[in-house]
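Undergrad: Required output: the full structure, derived from the provided sequences and hints.
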Amino acid sequence: MVTRLSHTSFYVLDQEKAYDFYVNKLGFKVHTDAKMDNGFRWLTVTAPDQPELEIVLMPTTENPMMDEDVRQAFKTLLEKGQMGGGVLHTPDCMATYEELKAKGVVFKSEPKEQFYGIECIVSDGCGNWFSMTQPKEM
Amino acid sequence: MPFDIDIYKRVVNAKMYIDDNLHEPIGLEQVSEKACFSPFHFHRLFTCIYRKTPHEYLTQVRIEAAKQMLRKGNDSVTHVCASVGFESLGSFSTLFKKKNGVSPQEYRVQQQERQKAVTEQPLKFIPHCLASHFGAE
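So the protein sequences, as listed, match chains A and S.
Heads up: the first sequence runs through residues 38 to 175, numbered per this note's numbering.
Heads up: the second sequence runs through residues -5 to 131, numbered per this note's numbering.
Think of the hints as simulated: they come from the structure by calculation, not from any bench.
Just so you know, even glycine gets a beta-carbon here, dropped at the ideal spot from N, CA and C.
Certain hints may be false.
What follows is a set of in silico ranges between Cβ atoms, one per label pair, in the way DEER data are often shown [what the hints assert, rightly or not]:
1. S:Val55 to A:Ala110: 38 to 46 Å
2. A:Glu150 to S:Gln104: 40 to 48 Å
3. S:Ser70 to A:Gln151: 48 to 56 Å
So these bits of chain A aren't anywhere near chain S, every CB distance computed over 12 Å [stated by the list, open to error]:
4. Val39
5. Arg41
6. Asp51
7. Glu53
8. Asp57
9. Gln87
10. Met103
11. Lys112
12. Gln119
13. Ala132
14. Tyr153
Derived lysine-lysine pairs resembling DSS-like cross-links, with alpha carbons at most 27 Å apart [as the list claims (entries may be wrong)]:
15. A:Lys140 to S:Lys66
16. S:Lys3 to A:Lys140
17. S:Lys92 to A:Lys66
18. A:Lys72 to A:Lys54
19. S:Lys118 to A:Lys54
20. S:Lys93 to A:Lys72
21. A:Lys54 to S:Lys61
22. S:Lys66 to A:Lys72
23. A:Lys112 to A:Lys173
24. A:Lys145 to S:Lys61
25. S:Lys91 to A:Lys66
26. A:Lys173 to S:Lys28
27. A:Lys62 to S:Lys46
28. A:Lys72 to S:Lys61
29. S:Lys46 to A:Lys72
30. S:Lys61 to S:Lys118
31. S:Lys61 to A:Lys62
32. S:Lys110 to A:Lys54
33. A:Lys140 to S:Lys46
34. A:Lys173 to S:Lys92
35. S:Lys3 to A:Lys72
36. S:Lys3 to A:Lys149
37. S:Lys46 to A:Lys66
38. S:Lys93 to A:Lys66
39. A:Lys62 to S:Lys66
40. A:Lys72 to S:Lys110
TA: Here you go:
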């Protein structure tokens, strides 16, 4: 029986830039930052209110898990900013938008009321975009 | 949106002021002045937007800053306490333990031991299915 999701991966163009976005700007916490002798870096972060779900910030460097064509395809999608990472929850979309904008984060759209809450689209600067949503209060 | 954009900007600026100055003595009057609101009005707006009072938020960011210092350095707990803006070592230690389940010193030992293990034995922290693809035995 599978009961929970413990890890998920976001492919990123640059792990250092990703660290800056997720940790310094979004306020995620570093869970594990381990480096293998061959340079591979296992970097996982967790959202402040969700410490049980590790997000792996996975580089698109050459590796045996994907052949060069697949790696290039990932890289191209990331360079075009086409990878949709998911939905980030915020208790106040407008306040978080204003704060992140002041910190230099790039948005693809401003906060707007939707039938499910207030939503804007944010870029992680490493190839992924997210819906940042304040769910409608029931 | 529940408030005007100008109100959001002012409250967010005040929140960022707290983030940048958490090591200084910060009072409600001072922060509300930054946002150009009366303390009463600011307290109400901040609490509505962030779901916690300015004081609760300040305490939270101070504890987080203390955790970071304890993880990364070897300053005494007394120094850490003062560096993140707490005036009393006793109340800092009590609050720290209440929030984290361990004392500041115990937290430092736990975290630094874990970081040492991550550095010295990274393969104990990387799933084998992945590490083996990257050349681990």
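Undergrad: Hints the structure violates: just list their numbers, smallest first.
TA: Of the numbered hints given earlier, those the structure breaks are 10, 13, 20, 23, 24, 26, 29, 34, 35, listed in rising order.
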